[in-house]
Amino acid sequence: DTAVSQTPKYLVTQMGNDKSIKCEQNLGHDTMYWYKQDSKKFLKIMFSYNNKELIINETVPNRFSPKSPDKAHLNLHINSLELGDSAVYFCASSRQGANYGYTFGSGTRLTVV
Amino acid sequence: KNEVEQSPQNLTAQEGEFITINCSYSVGISALHWLQQHPGGGIVSLFMLSSGKKKHGRLIATINIQEKHSSLHITASHPRDSAVYICAVTGNQFYFGTGTSLTVIP
Numbered sequence: 049d050t051a052v053s054q055t056p057k058y059l060v061t062q063m064g065n066d067k068s069i070k071c072e073q074n075l076g077h078d079t080m081y082w083y084k085q086d087s088k089k090f091l092k093i094m095f096s097y098n099n100k101e102l103i104i105n106e107t108v109p110n111r112f113s114p115k116s117p118d119k120a121h122l123n124l125h126i127n128s129l130e131l132g133d134s135a136v137y138f139c140a141s142s143r144q145g146a147n148y149g150y151t152f153g154s155g156t157r158l159t160v161v
Numbered sequence: 008k009n010e011v012e013q014s015p016q017n018l019t020a021q022e023g024e025f026i027t028i029n030c031s032y033s034v035g036i037s038a039l040h041w042l043q044q045h046p047g048g049g050i051v052s053l054f055m056l057s058s059g060k061k062k063h064g065r066l067i068a069t070i071n072i073q074e075k076h077s078s079l080h081i082t083a084s085h086p087r088d089s090a091v092y093i094c095a096v097t098g099n100q101f102y103f104g105t106g107t108s109l110t111v112i113p
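Top to bottom, those sequences are chains A and B. Per the numbering used here, residue 49 is the first one in the first sequence, and the count goes up by one each step. Per the numbering used here, residue 8 is the first one in the second sequence, and the count goes up by one each step.
Chain A on its own, in the form it takes in the complex (with noise of 0.2 Å):
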């Protein structure tokens, strides 16, 4: 009965490649987001979805596209995958926007080799 879960935890991939992160909640928050946390451990927002809306698109490349089936869902599906992408991805929720407290996902560690 995990709140906020991600997969996979882990994804090794190739340059090029096209990959999707999946991320569900449980627990009827109305807004979910996207977060990458680089090398040095530095986060940024990437996405952020308010019931199936996006409101909030970072300036990431256009090969990350947020798809949100409904409004427990919010998986990341990145195209052409570049070296520069290794990072982990946390996926999170809140009630009503951001100015809720968050709840995380464990995190997906995706190196590109």
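Incorrect hints may have been included.
Said to hold, decoys possible - Residues from chain A shown here face chain B by an in silico Cβ test under 8 Å; the list is partial: (1) PRO56; (2) VAL136; (3) PHE138.
What the hints assert, rightly or not - Here are the in silico distance ranges between beta carbons for each label pair: (4) B:LYS60 to A:VAL161: 41 to 51 Å; (5) B:GLY59 to A:ARG143: 19 to 29 Å; (6) A:MET63 to B:GLY64: 42 to 52 Å; (7) B:LYS60 to A:THR159: 38 to 48 Å; (8) A:ASN74 to B:THR27: 31 to 41 Å; (9) A:ARG143 to B:ASN99: 13 to 23 Å; (10) B:VAL51 to A:LEU102: 24 to 34 Å; (11) A:GLN62 to B:GLN73: 47 to 57 Å; (12) A:LEU75 to B:HIS63: 12 to 22 Å; (13) B:PRO86 to A:SER68: 36 to 46 Å; (14) B:ILE112 to A:THR107: 16 to 26 Å.
Just so you know, these hints were derived from the structure itself, not from any lab. All values derive from a computational prediction rather than experimental measurement. For each residue, glycine too, the CB sits at the ideal point set by N, CA and C.
Dock chain B against the given chain A, drawing on the hints supplied.
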């Protein structure tokens, strides 16, 4: 210059010490968050503040909106408090501090 600055970057304390981590920000915000990232990588949301002070167990978070400053205090620190503590602010956009790495020595 980062919109959110934390200090110190690294902190080592003896078990039982009182610890303070500071966060200053330069943008307008609607809320400030304190996050804890364990050595294993998981992130936990500790506090969300828009004014005043909040307390949870041995952790206390304060915010001064006029001074654009927040502090996270840990009383009676314990080795299990060893983690990276991250300050984040939300408003028109999200901004994160670079984190404070805390090590509490028994």
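> Can we keep the PHE138 (chain A) interface hint, with Cβ of chain B closer than 8 Å?
Replying inline: 6 Å, holds
>> Is 42 to 52 Å respected by the C-beta to C-beta distance linking MET63 (chain A) and GLY64 (chain B)?
In response: The hinted range 42 to 52 Å holds for MET63 (chain A) and GLY64 (chain B), with Cβ atoms some 46 Å apart.
> Has the hinted range 19 to 29 Å been met by the Cβ atoms of GLY59 (chain B) and ARG143 (chain A)?
Replying inline: 20 Å, holds
> Quick one: are LYS60 (chain B) and VAL161 (chain A) within 41 to 51 Å, going by C-beta?
Replying inline: 48 Å Cβ-Cβ, so the 41 to 51 Å window holds.
> Can we keep the VAL136 (chain A) interface hint, with Cβ of chain B closer than 8 Å?
Replying inline: 7 Å, holds
>> A range of 16 to 26 Å was offered for this pair. Does it hold for the Cβ distance of ILE112 (chain B) and THR107 (chain A)?
In response: 41 Å, violated
> Between PRO86 (chain B) and SER68 (chain A), is the Cβ distance one that fits in 36 to 46 Å?
Replying inline: 38 Å, holds
>> Can you tell me whether the CB distance of LEU75 (chain A) to HIS63 (chain B) sits inside 12 to 22 Å?
In response: 19 Å, holds
> Using the C-beta atoms of ASN74 (chain A) and THR27 (chain B), is the stated range 31 to 41 Å upheld?
Replying inline: 36 Å, holds
> Given a hinted range of 47 to 57 Å, is it respected by the beta-carbon distance of GLN62 (chain A) and GLN73 (chain B)?
Replying inline: Since GLN62 (chain A) and GLN73 (chain B) have Cβ atoms about 52 Å apart, the given range 47 to 57 Å holds.
> Lying within 38 to 48 Å: is that true of the beta-carbon distance LYS60 (chain B) to THR159 (chain A)?
Replying inline: Hint holds: Cβ distance 42 Å, inside 38 to 48 Å.
>> Looking only at beta-carbon atoms, does the pair VAL51 (chain B), LEU102 (chain A) fall within the given range of 24 to 34 Å?
In response: 26 Å, holds
Consistency with the previously given hints fails for numbers 1, 14, ordered from lowest to highest.
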